[in-house]
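J.: Listed below, chain by chain, are the residues.
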Amino acid sequence: MRITMDMMFNNYNSNLNDSFNLLNKTYQCAMDYRTFEKPSDDPFKAAQAFHIRRELDQNADYQSNLSTVKNAFTTAESTLGIVGNILKNASSTDALGGITGTKNLSDRNTIADKVDKMKEALVTDLNQKYGNQYLFAGAASGADKAPFSVVNDQLYYRGINVDTGENLNGASTTINYTANSEPKTMQIDFGKDIGKQLNGYSIKIVSDTTASDISTSISGQEITVTVTGTTTKSDLQSYLRDSSSATGFGTVLKDQGIISDANNVNGITLSGLPDNGNDIVQTGSSAEAITDIVDLDSLANEKVYVDIGLGLRTDSDGNVVDQTAFNSAISGLKAVGYGMTTDKDGNTVPNNAYSLLTKFTSMLRDENLNSPDLVEQTEPYMKALTKAHENIVAARSDVGSRETFLTNTKNYLESVNTNLSDRDDEVEIVDMLDAYTDYSYQYYCYQAALKVGSTVLQSTLMDYMS
Amino acid sequence: MRSTFDGLFIAKSGVQNARYNLNVTGQNITNVNSTGYTRQRVRQSPVPPSGLGMLYSPGKVLVGEGVSTDGIEQLRNPFLDCQFRTQNALCEDTSTTLTALKDIENTLNETKSEGLNAAFHDLIEQLEGLTASGKSTANEDNVKEAASLLATKFNTAAKQLSTIRSQQTDYLNKYGVDKVNDLLSNISDLSDEIKSAELAGSPALELNDKRNALIDELSQYISINVEVTDIHVASNKTLTNLSIYLADDRGKTMTVPDTDASGNPITRNVTLVDGNQRGSLSFSQGTDGRVAVSITDAEKDSSGNNFTDTDAGGINANGLFESGSIRSYISLLNDNGAYSNTDAKGIGYYENMLDTLAQKLAEVMNKDNSTNDAGDNKPLFTSTSGGTADITADNIRIAADWETGYLVTSKEAPNPGDNTNASYSNITKMISDLSSEDYTLTTGSTNLFTGTLQEAIGNVSTTLGQEIHSLANQNANYEQTLNDIDTRRDSLSSVDINEEAINLITYNQALGASSRFLTTIDECLNTIINKMGIVGRG
Numbered sequence: 001m002r003i004t005m006d007m008m009f010n011n012y013n014s015n016l017n018d019s020f021n022l023l024n025k026t027y028q029c030a031m032d033y034r035t036f037e038k039p040s041d042d043p044f045k046a047a048q049a050f051h052i053r054r055e056l057d058q059n060a061d062y063q064s065n066l067s068t069v070k071n072a073f074t075t076a077e078s079t080l081g082i083v084g085n086i087l088k089n090a091s092s093t094d095a096l097g098g099i100t101g102t103k104n105l106s107d108r109n110t111i112a113d114k115v116d117k118m119k120e121a122l123v124t125d126l127n128q129k130y131g132n133q134y135l136f137a138g139a140a141s142g143a144d145k146a147p148f149s150v151v152n153d154q155l156y157y158r159g160i161n162v163d164t165g166e167n168l169n170g171a172s173t174t175i176n177y178t179a180n181s182e183p184k185t186m187q188i189d190f191g192k193d194i195g196k197q198l199n200g201y202s203i204k205i206v207s208d209t210t211a212s213d214i215s216t217s218i219s220g221q222e223i224t225v226t227v228t229g230t231t232t233k234s235d236l237q238s239y240l241r242d243s244s245s246a247t248g249f250g251t252v253l254k255d256q257g258i259i260s261d262a263n264n265v266n267g268i269t270l271s272g273l274p275d276n277g278n279d280i281v282q283t284g285s286s287a288e289a290i291t292d293i294v295d296l297d298s299l300a301n302e303k304v305y306v307d308i309g310l311g312l313r314t315d316s317d318g319n320v321v322d323q324t325a326f327n328s329a330i331s332g333l334k335a336v337g338y339g340m341t342t343d344k345d346g347n348t349v350p351n352n353a354y355s356l357l358t359k360f361t362s363m364l365r366d367e368n369l370n371s372p373d374l375v376e377q378t379e380p381y382m383k384a385l386t387k388a389h390e391n392i393v394a395a396r397s398d399v400g401s402r403e404t405f406l407t408n409t410k411n412y413l414e415s416v417n418t419n420l421s422d423r424d425d426e427v428e429i430v431d432m433l434d435a436y437t438d439y440s441y442q443y444y445c446y447q448a449a450l451k452v453g454s455t456v457l458q459s460t461l462m463d464y465m466s
Numbered sequence: 001m002r003s004t005f006d007g008l009f010i011a012k013s014g015v016q017n018a019r020y021n022l023n024v025t026g027q028n029i030t031n032v033n034s035t036g037y038t039r040q041r042v043r044q045s046p047v048p049p050s051g052l053g054m055l056y057s058p059g060k061v062l063v064g065e066g067v068s069t070d071g072i073e074q075l076r077n078p079f080l081d082c083q084f085r086t087q088n089a090l091c092e093d094t095s096t097t098l099t100a101l102k103d104i105e106n107t108l109n110e111t112k113s114e115g116l117n118a119a120f121h122d123l124i125e126q127l128e129g130l131t132a133s134g135k136s137t138a139n140e141d142n143v144k145e146a147a148s149l150l151a152t153k154f155n156t157a158a159k160q161l162s163t164i165r166s167q168q169t170d171y172l173n174k175y176g177v178d179k180v181n182d183l184l185s186n187i188s189d190l191s192d193e194i195k196s197a198e199l200a201g202s203p204a205l206e207l208n209d210k211r212n213a214l215i216d217e218l219s220q221y222i223s224i225n226v227e228v229t230d231i232h233v234a235s236n237k238t239l240t241n242l243s244i245y246l247a248d249d250r251g252k253t254m255t256v257p258d259t260d261a262s263g264n265p266i267t268r269n270v271t272l273v274d275g276n277q278r279g280s281l282s283f284s285q286g287t288d289g290r291v292a293v294s295i296t297d298a299e300k301d302s303s304g305n306n307f308t309d310t311d312a313g314g315i316n317a318n319g320l321f322e323s324g325s326i327r328s329y330i331s332l333l334n335d336n337g338a339y340s341n342t343d344a345k346g347i348g349y350y351e352n353m354l355d356t357l358a359q360k361l362a363e364v365m366n367k368d369n370s371t372n373d374a375g376d377n378k379p380l381f382t383s384t385s386g387g388t389a390d391i392t393a394d395n396i397r398i399a400a401d402w403e404t405g406y407l408v409t410s411k412e413a414p415n416p417g418d419n420t421n422a423s424y425s426n427i428t429k430m431i432s433d434l435s436s437e438d439y440t441l442t443t444g445s446t447n448l449f450t451g452t453l454q455e456a457i458g459n460v461s462t463t464l465g466q467e468i469h470s471l472a473n474q475n476a477n478y479e480q481t482l483n484d485i486d487t488r489r490d491s492l493s494s495v496d497i498n499e500e501a502i503n504l505i506t507y508n509q510a511l512g513a514s515s516r517f518l519t520t521i522d523e524c525l526n527t528i529i530n531k532m533g534i535v536g537r538g
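Protein chains in written order, with this note's numbering: chain U, 1 to 466; chain E, 1 to 538.
Quick caveat, the hints were computed from the structure, so don't treat them as lab data.
Beta carbons are placed, not taken as given, at the ideal position from N, Cα and C, and that holds for glycine.
Accuracy of the hints is not assured; some may be wrong.
Claimed, not checked - Examples of chain E residues toward chain U, derived with CB under 8 angstroms:
(1) Glu125
(2) Ser280
(3) Gly375
(4) Lys378
(5) Ser383
(6) Gly387
(7) Thr388
(8) Lys429
(9) Gly458
(10) Gln466
(11) Ile497
Stated by the list, open to error - Listed next, the in silico DSSO-like pairs over lysine-lysine satisfying Cα-Cα at most 30 angstroms (straight line):
(12) Lys145(U) x Lys378(E)
(13) Lys145(U) x Lys144(E)
(14) Lys70(U) x Lys144(E)
(15) Lys411(E) x Lys129(U)
(16) Lys411(E) x Lys70(U)
(17) Lys184(U) x Lys252(E)
(18) Lys144(E) x Lys410(U)
(19) Lys204(U) x Lys367(E)
(20) Lys192(U) x Lys411(E)
(21) Lys196(U) x Lys411(E)
(22) Lys359(U) x Lys114(U)
(23) Lys184(U) x Lys360(E)
(24) Lys252(E) x Lys195(E)
(25) Lys367(E) x Lys159(E)
(26) Lys367(E) x Lys144(E)
(27) Lys387(U) x Lys88(U)
(28) Lys378(E) x Lys204(U)
(29) Lys367(E) x Lys303(U)
(30) Lys45(U) x Lys360(E)
(31) Lys204(U) x Lys411(E)
(32) Lys153(E) x Lys45(U)
(33) Lys303(U) x Lys378(E)
(34) Lys102(E) x Lys25(U)
(35) Lys144(E) x Lys303(U)
(36) Lys45(U) x Lys112(E)
(37) Lys159(E) x Lys174(E)
(38) Lys367(E) x Lys184(U)
(39) Lys129(U) x Lys144(E)
(40) Lys159(E) x Lys144(E)
So here's chain U without its partners, still in its complex pose (with noise of 0.2 angstroms):
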């Protein structure tokens, strides 16, 4: 083949493009030891990268949450351990534990007052904050106002009674609906007023597309409303609240005897209004209760879930599978108990802590119980008073049990961690000694070809003829 000049031009330039080009990729990696600039450099190492990074900011958001929540436990469970004291003292002999058949009024005066220190000491350390939650207000952490308050000596745990679950602010009813194949609920909540007047009864809600407005129908315990194809939310309640039509929920439940004074209705008021006051108003399945007792059992066990790594993952119904998350509830009510029991021999006895030692308060206090029979009468309430304690130790060690678990994942975490992380070394940083190296020889190559060029593109026949 003819070769010119102009060609081994052309090549030479060419391949001394190539090495240089190779020369500034390698110089490239070795000034900051990626595997790869972009990912159309490698892009299969990217997608590994990209896939690795996710994962290690995950799991470092994993372990900011477990910190902050094994904190709060941390502290949850001293608190509770000074509560714990607290019960220790009031059933020791300087306090409830002294009471015999021989003190006097003046002397029982002085053990109430004790025990009325306890109390407040009680109170005050159940609504104990960390940071800007309260520890122990079960999945209201993050409300405003402290859990437990007290009115008339008697404590309340958001708003509950913690012995009878009377709700202070009310009585009120859950109707269960479906939108959209998806279950809802609405709450109609009727306020104090007429609370315990319609307590004990129960409301269907029923539509009537042919109904050209809302109407009430009452039958023994059951009250029916009935809502027209097009009622929304406000219109409903606006229905509810009404006093003064002849057909108005107030009017109709004065009617019948049911209620005292028809204004009262003006407080009741449907749950998430304004925001979803167009939704047209659903039939409920079922006639439900109006009732002013909340279930004291389910409020003692709520459950707040926090991702830690776990798995996290929500049913078809959008709640949160139970394995998969940690619970970061300490429920204060079940820790200083709540409900009345009835022992064997028949007396009721409250289980709760604060009503015991109010209990025993009054007793003390009471000028007409003679000291022998203050003993027997608060026999029971000692045993109740021991099994509180007993109570709140349990509660304790439980939120010491969680807390270890909380360590224990945290060790995984960190693993979990340092692996990913190694993992990722691999993937997108090179090996310091391998990019020196290359960069090395690349750079060896360059200078070799730049000699070559210069020796062999230089003479033609032309330097040789006279």
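Knowing the structure of chain U, use the given hints to seat chain E on it.
T.: Positioned in the frame of chain U, the structure of chain E alone reads:
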């Protein structure tokens, strides 16, 4: 016996021929660096004796009449030219697409800098923080900021893609179509000049070289097939006519169905240049942003109108371009991958992907934050008009109504008076939806991607990375082949200094030898004329 002065004629032809050769060698040497120059060579042949085969031919001993300089020719292989042009179109096609895709990659690259992925993770991180440390104004504001930043990143990416689109449209218009029209008119003008030169008798080799260089340049833009035909104009005069037709990506001339002026269906070639007639390209852009390049043919139909390759939307002509940078521009601007049922993924594919991602993000978050039955009352992300049906990556932003307390933290029915809705079950659902829930992104009835939203965002840049990677390999192969063809062309056509130096020596010697022969004949004649028959003169 031949004429007395015959030898002088032989010598003269030798000297002249040697001088031609030397001049041509000189021409070659001086043009060694001219782009596209093809080396020239004198075509010479021996002159047969005169009177050969005639009635009164001189007899047995006949000597030729010297050397005849028949002409000057170029050493060029048109087949190699054809190969080169086809390959050039392929090479430029991939190169143009590669440059544009690399621009897009710079926009979406998150290897070393913070982009969509990082902003998306920030949002999740802030939501996680809300569940762990409790709700307060500070924390909800953080979530709002993170969401706003994510929306801004979408906007930025969309704007940058839009800039790239308008740049490529400009390139197509000014550096594609306009340049091609320029080249076509230059080529046809040169053809005219060459024709005049050929009529006058010279083959116009330098003009041919110039025209070939222009045609090589044209082949970058569109794939062409060049045909040179001979036209007989007089008894022994032929002219060459150059025609350039639109070709497929293998270099074969394309035929298109068309109707002539009377409405009969015909098939014809798409002629860009025919002698001194030329066609042209024109660029147009539809209201939906699609571009179209239409061709006006150099040929005219029977009623004297140029054929045009357009239809109502000018889209038809787009399908005629099979390689070259113009095809690449059209594909980049018009093809949207799965969004337009084409295989090629142009700029539109990535723009549409970002839109789909933005819509999905808004859909998921808005539904999670809604409290009414229809699922649409408290959207977190809206478009600039405040609605949610027309969200795109360019106009997504956080809802104007998002004040403190707008974020729905729980959808459980609270006990009245009891703040149970201070739990974060809804936030946990949002986190789960954003990071671990699988979604299927679709367009029409085609599934684009199934996986979590985070994976979907990462998928855009890895898809692009793979496209670029494979295209870069293909481009490197095409370039290698192109270089090989060019080397073979050079092997035949380019000037070698060493060879010309040897030629110099050769022709110099030939000139010397012919001149010596001339002086020899001159002396002979001198002897014959002046020194013969002078016996007896004093």
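J.: Which earlier hints turn out false for this structure, listed by number in ascending order?
T.: 2, 5, 6, 7 and 17
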